[in-house]
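Asks: In case you want the letters, here they are:
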Amino acid sequence: MGKLGLSRPAGSRPERRRPPGHHLWMAERVTGILTLGLETPEGQFVGPGTGRLRLVESNGEEVVASEAARSAGVPVLPGSGIKGAVRTLYELLSHSCDPLAHAGGGKHNKKDPQERCSAHSCCDACAMFGCIAGRQQCYSGRVTFSDAVPAGEGAVETSVSRVPIPWEPKGHKTPGDFRLYDLRKATVFDKKAQKKRPAPEKLAKEVFRGRFETSMAFTNLTEEELGRLLLVMGLKPTGDTRFLLRLGGAKYHGKGGVRVRPLRVVLASPETADESGSDCLARCDAWLEAAATSHWAQVFWTTLEELADALSATERT
Amino acid sequence: MPAKPSGTSQIEILRLAEELAAALQQQPENAVKRNTFLSLVADFQSHPDPDRLRRTLELLLKGSGGHLARGGNYEEQVVVATREISRVLRRGDLSVDEYRSLFGWTARLLESPGSTGSRRTNAPGGGGSKTGTSAPRSHIGSVKPGQLQALEELRRQLAEEENGGE
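Here the protein sequences line up with chains A and B, keeping their order.
Here the first sequence stands for residues 1 to 317, where the numbers follow this note's numbering.
Here the second sequence stands for residues 1001 to 1166, where the numbers follow this note's numbering.
Among the hints, erroneous ones may be present.
Okay, the calculated beta carbon distance ranges per label pair [claimed, not checked]:
hint	chain 1	residue 1	chain 2	residue 2	range
1	B	Tyr1074	A	Pro175	46 to 54 Å
2	B	Val1096	A	Asn59	25 to 33 Å
3	A	Thr293	B	Arg1052	29 to 37 Å
4	A	Lys192	B	Asp1049	44 to 52 Å
5	A	Thr158	B	Glu1058	33 to 41 Å
6	B	Val1096	A	Gly60	26 to 34 Å
7	A	Pro175	B	Asp1049	34 to 42 Å
8	A	Val74	B	Lys1062	37 to 45 Å
9	A	Gly60	B	Asp1093	30 to 38 Å
In silico EDC-like links for lysine to aspartate or glutamate, alpha-carbon gap of 20 Å or less [claimed, not checked]:
hint	chain 1	residue 1	chain 2	residue 2
10	A	Lys196	A	Glu223
11	A	Lys236	A	Glu275
12	A	Lys202	A	Glu213
13	A	Lys83	A	Glu168
14	A	Lys185	A	Glu213
15	B	Lys1062	A	Glu62
16	A	Lys170	B	Asp1051
17	A	Lys236	A	Glu305
18	B	Lys1062	B	Asp1051
19	B	Lys1062	A	Asp147
20	B	Lys1062	A	Glu57
21	A	Lys173	A	Asp147
22	A	Lys83	A	Asp98
23	A	Lys202	B	Asp1051
24	B	Lys1062	B	Glu1076
25	A	Lys173	B	Glu1058
26	B	Lys1062	A	Glu223
Source of the hints: derived by calculation from the structure; they are not laboratory data.
Cβ atoms here follow ideal geometry from the backbone N, Cα and C, with glycine treated the same way.
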């Protein structure tokens, strides 16, 4: 298992500014919907759990498995999970706050307005994804993801796989600000043999393999921000993949990896457009270029490459 | 199991839910948490087949799916939950919709993980259904005051409706 700890560049502190509103489309910003394909490559699956147990048939017999998410009986990858996964990496690659530091009741729950984001003063990530800062101070963010649904008839296969029993994560044992997992399978330490061995795969879990589609709706984003979103989803120019975006459970076992590909973009502002195929890829390439040539890239590009290397590791180095 | 036409009052369903919740939390060290209970009965809400639920619980207790190997006292919770849910299923006098209502109310009465509400321990011993007298309210001591008030108000309204309909 590759449990990794990554941090932002040294000295990084949240930089807050007034976030754009939602009530008007701004002429110098982009508003629209980007349809993304999410595909599990060979050897991968996604298992968005619900916390429920379900009686399923596997290899001709009934087995009690951890249920995977469905909507009206159709396999889905919940939009909330996609947004959360994207947000986590966006936070790593920006001067952003820790949104959980001010979750009610903790010792960090200070009322000092300088210490937390609000509707009038947001860090990078909160300005993109939203923040909850008390009843009157919420900001709803400028990007949302729909539940990812199968790309067509027969596009997704459901089955039962065995994974190791998950364990309680110990944050203090992971260096860095963000705990991430690469593509290696989970291991346990054999005290007798004094070495690591593969963790036993005991837990039955419903998983999905195949192709999904999700819609990313965005309001008043700059081209640089769009490029940064594509980068944290693992994209490179011409639709290539830098790393797999990780969704659902079993990430600790090297699973949950999906390849993200732009399929179609519909723009409402500052121009109207409806592009798919190579036109859509060209539009996304322009956004990626805007991010790659920005001041942000001067600060965070090294961290992005570290992230890509870390998430893609399949062998112990 | 043939479906029985709905005929049990909601007051009785609530009483049964209180009884089931109390039985599930009778032993503090193995008290069944709300999430554990929901994980077992949620499939019944979309596949309302008592035989299927019974089969699921039996297989789970035999180790199917490897879930009993989870940490903490999960296995102990499953043992208690299986025993009490099976006892309720053996009644045979509730319709499928009534079972769904019963499980829904029971889940609301159970303690959620991390809850620090005090739990009073004077729950009735053993199993078996009670008739006539209502279960002591102390079985649901872990319910928040607002929820308890809402339940009492609902009970009062249902009693008024039923008395008014006679």
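Asks: For a quick check of understanding: which of the numbered hints are violated here, in increasing order?
Replies: 1, 3, 5, 7, 8, 10, 12, 13, 14, 16, 19, 21, 23, 25 and 26
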